[in-house]
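One-letter residues, chain by chain:
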Amino acid sequence: MNKKLFLYQVCIVVAAAAIIIACNKDIVGRTDNAPALAPTNIDSNAGSWKPVLLAAPTDIVVATPIATNTPDYIAQINEIKSAQANITQEEKKMVKYWSAGAILRWNEILRELVAKHNLPPYQNPDGTYPIPSAANPLAYPQFPFSNPPYAARAYAYVSAAQYDALVTAWYYKKQFNRAAPYKVDATLQVLVPKSELPSYPSEDAVVEGTAVEMLKLLFPGDQDYIQQKAAEHRRARIIAGANVRSDIEAGEALGKAVAQKFTARARGDRAGAAVGTPTIWAKLETDCMARGETPWYSLEIPKRPPMLPVFGKTKAFLFDSLTALSLRPAPPPAVGSKQMKDETEEIYQMVKNPTRERTAIVQFWADGVATSTPPGHWDAIAAEDFIAKGFSEVRWARNMALLNMSLMDAAIVCWDTKNYYYNPRPTQLNPAIKTLTGIPNFPSYISGHSTFSGAAAAILGHIIPERASAYEAMAQEASNSRMYGGIHYRSDCAVGLTVGKSVGGYAIQRALTDGAE
Amino acid sequence: MKYLLSIVSIAIAVTILPLTSKAQTDMDAIMMEKRQFCVGPMYNHSSWKNYWEGTLKRDNQNLGTVSTNTFAVMGAYGITGKLNALFNVPYIKTKASDGTLHSMQGFQDLSLFIKWMPVEQMLGPGTFSLYTIGGASIPLTNYVVDFLPLSIGLHSKTLSARLLLDYQVNNIFVTGSATYVVRDNTKLDRTSYYDTQSHLTNEVSMPDASNFNFRAGYRSSKLIAEAVLNKWTTLGGFDITRNNMPFPSNKMNATTIGANVKYVVTANHNLSLVGGGNTTVAGRNVGQATAFYGSVFYILDFTRKTTSTDKSGKTN
Numbered sequence: 001m002n003k004k005l006f007l008y009q010v011c012i013v014v015a016a017a018a019i020i021i022a023c024n025k026d027i028v029g030r031t032d033n034a035p036a037l038a039p040t041n042i043d044s045n046a047g048s049w050k051p052v053l054l055a056a057p058t059d060i061v062v063a064t065p066i067a068t069n070t071p072d073y074i075a076q077i078n079e080i081k082s083a084q085a086n087i088t089q090e091e092k093k094m095v096k097y098w099s100a101g102a103i104l105r106w107n108e109i110l111r112e113l114v115a116k117h118n119l120p121p122y123q124n125p126d127g128t129y130p131i132p133s134a135a136n137p138l139a140y141p142q143f144p145f146s147n148p149p150y151a152a153r154a155y156a157y158v159s160a161a162q163y164d165a166l167v168t169a170w171y172y173k174k175q176f177n178r179a180a181p182y183k184v185d186a187t188l189q190v191l192v193p194k195s196e197l198p199s200y201p202s203e204d205a206v207v208e209g210t211a212v213e214m215l216k217l218l219f220p221g222d223q224d225y226i227q228q229k230a231a232e233h234r235r236a237r238i239i240a241g242a243n244v245r246s247d248i249e250a251g252e253a254l255g256k257a258v259a260q261k262f263t264a265r266a267r268g269d270r271a272g273a274a275v276g277t278p279t280i281w282a283k284l285e286t287d288c289m290a291r292g293e294t295p296w297y298s299l300e301i302p303k304r305p306p307m308l309p310v311f312g313k314t315k316a317f318l319f320d321s322l323t324a325l326s327l328r329p330a331p332p333p334a335v336g337s338k339q340m341k342d343e344t345e346e347i348y349q350m351v352k353n354p355t356r357e358r359t360a361i362v363q364f365w366a367d368g369v370a371t372s373t374p375p376g377h378w379d380a381i382a383a384e385d386f387i388a389k390g391f392s393e394v395r396w397a398r399n400m401a402l403l404n405m406s407l408m409d410a411a412i413v414c415w416d417t418k419n420y421y422y423n424p425r426p427t428q429l430n431p432a433i434k435t436l437t438g439i440p441n442f443p444s445y446i447s448g449h450s451t452f453s454g455a456a457a458a459i460l461g462h463i464i465p466e467r468a469s470a471y472e473a474m475a476q477e478a479s480n481s482r483m484y485g486g487i488h489y490r491s492d493c494a495v496g497l498t499v500g501k502s503v504g505g506y507a508i509q510r511a512l513t514d515g516a517e
Numbered sequence: 001m002k003y004l005l006s007i008v009s010i011a012i013a014v015t016i017l018p019l020t021s022k023a024q025t026d027m028d029a030i031m032m033e034k035r036q037f038c039v040g041p042m043y044n045h046s047s048w049k050n051y052w053e054g055t056l057k058r059d060n061q062n063l064g065t066v067s068t069n070t071f072a073v074m075g076a077y078g079i080t081g082k083l084n085a086l087f088n089v090p091y092i093k094t095k096a097s098d099g100t101l102h103s104m105q106g107f108q109d110l111s112l113f114i115k116w117m118p119v120e121q122m123l124g125p126g127t128f129s130l131y132t133i134g135g136a137s138i139p140l141t142n143y144v145v146d147f148l149p150l151s152i153g154l155h156s157k158t159l160s161a162r163l164l165l166d167y168q169v170n171n172i173f174v175t176g177s178a179t180y181v182v183r184d185n186t187k188l189d190r191t192s193y194y195d196t197q198s199h200l201t202n203e204v205s206m207p208d209a210s211n212f213n214f215r216a217g218y219r220s221s222k223l224i225a226e227a228v229l230n231k232w233t234t235l236g237g238f239d240i241t242r243n244n245m246p247f248p249s250n251k252m253n254a255t256t257i258g259a260n261v262k263y264v265v266t267a268n269h270n271l272s273l274v275g276g277g278n279t280t281v282a283g284r285n286v287g288q289a290t291a292f293y294g295s296v297f298y299i300l301d302f303t304r305k306t307t308s309t310d311k312s313g314k315t316n
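Listed in order, the protein sequences are those of chains S and C. Take this note's numbering: the final residue in the first sequence is number 517, and no numbers are missing along the way. Take this note's numbering: the final residue in the second sequence is number 316, and no numbers are missing along the way.
Take the hints with a grain of salt, since some may be wrong.
Within a straight-line C-alpha distance of at most 35 Å, the following computed DSBU-like cross-link-like pairs (lysine-lysine) qualify [unchecked claim]:
#1 352(S) / 251(C)
#2 95(C) / 338(S)
#3 93(C) / 303(S)
#4 352(S) / 93(C)
#5 341(S) / 95(C)
If you are wondering where the hints come from, they were derived from the structure by calculation, not from laboratory data. A quick note: this is a predicted structure, and the numbers were derived from the prediction, not measured.
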């Protein structure tokens, strides 16, 4: 009897464990099984689209390719054939992964690097904070601290460089018109969708080369990981039979050459001075007091200097510095005013007894520490929609560049506004306001999430008009989430959305005139 | 009813930062008599100021002291003298003394256990007994997971299997047990996260866990006093990176030492008081928590006539 019972119990536990283990299935990421890119329109005239930084595709010289009947070319075809003959499961997975699109995958890698490095440095023993050094990226605190302004700029540079590089590639594809290897040798297997596009230089290698070169500047401590991804990407294209080695080499060189021009721009765009100095930090405070206002102070212990307070002076992509200044909104309600008192009370009431639904909205949009930041979140939203649209690589790049230039320029205007008005957070005015997400360490007015989201929704609504109202609703929710979380007033959010929308308008203007529509 | 000494430790383990879920279940060598139902409220207070960020011990001035107050109802029913069913329903409230983070509260996870004693025999000068305990837990509410260290739990369904051995000579006993805990995936409110790489999903794979528990002391029908050593180990997971926030699938390990006392108040043994405490002596990705608890238990007897004739002397 006892033995029987014992056995029953063992059986029940084992069965239950088996069920739970079975349910504990492998987690599949949303883009793990993204379909291979098979554009509905190959945009064969994209070589005439307007670049962002280059004056013309001819700024970059691409060598004339060898003919497809030369022994060298035939050797390159044979390289594909032997690679395919010994293909492993791992290589098949690699081909599938990269076939979803070069812009998509490198954007995902960049989001991953941002999330990895989005960690505020721990304080020094004396209560000051160390500043990451690009010259010594692996020492603590590691470089970079990829906070939202840093990340916005990184996404913009990588996207814009990839766009310019692909416009250049399309120009030369048309000029040289070298057929894809599977057109040259009809017996060649192709593991990805075939394209009518000339294959020299390889668009995948262009995107890869641009990313590798840009990321040397932006994530200098992660070269081993980046180079490993790049090598996989190049190999995936050869194994797939989509490119011969000379397509890849020319593409990578082109990408690097374009990226070097963007790197030169980045070194002179003033973002390097965005962290400020103790003198600058003190002046922000005294300037605010001189206007008769109450200045923001850090709610961290020990008090941390504001996040990149001079980022507002960074050179924008979509407009000049005078226009950037003109986008700075009118001041927030005075701290002593009835309106500010009411707005503070509104936030207190919101966070006092938060509903689960609102807390979920706060968490959904928080995009705080160790995440890809709000710009990265909008990139993810865009990327998943772009997958469904079947864009060509060059159109992917163009749309991502429009989005990310909007997000970077939104960050510039937002950070200028924040540090000009230097307005306190709700918790500073009422310490009883406890927050449902980490309290950002910079002034309140205007909300960064709202500015980013207003800009992103505007340009994405232009790119995918049938989703425009959905993007607007998302932007509104992202904006509201900052009030629900107890970290922004209604004015911060409402004005932030409006300013963001204005910034997005400049991207729409560009989109209307870049030759792609 | 002495087993309740360790049911209360369910909630104690929960208070470890970031919560180690239900670290312990029923971990003692006591059984209810047939048709007896023992039930009572429990209060537990746990707090920590220092925690382990990976293996680095630190404090955090933006949290100050993190405290967890747990109110629970626990009970056990004797299906037979050798087969008991146990449950625990905790309501948890967390709070940080400093910084701006909001407190969290709510009903956490329902735990259920089936405990069976297939072996009980004289061995040398004392009595040897062997128990198997199967457990399951399920979240009772849709509480927030992704707000550690202030989340009230990890919102992961679990199953556990435990083997427990006990030996008692006169009033002196030793008990040891080993547990394996299978943990289901948990879900976040956001659509992507980074642990040691990027994941474009809201689902988080939770590493399984093991637990070892040793206890020894004095045990009679009127009084139990024992010392307890507990070791919870997460089998996988990753360390909190420098100055990052904790994450549900961190490698949370904790070793605690503590003491418990149970005193039977009434002559007919149906009312007893339980109290105790413990402190964390080693850990990884958890708070260095110290906890105190107290509880009152009452036995409802559903038999027509009490027939308590436990040969081992370990009644109630």
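Each hint, compared with the structure:
1. 352(S) / 251(C): Holds, at about 33 Å.
2. 95(C) / 338(S): Answer holds: residue 95(C) to residue 338(S) is near 32 Å, not above 35 Å.
3. 93(C) / 303(S): 28 Å, holds
4. 352(S) / 93(C): 15 Å, holds
5. 341(S) / 95(C): 27 Å, holds
When the structure is compared with the earlier hints, no violation turns up for any of them.
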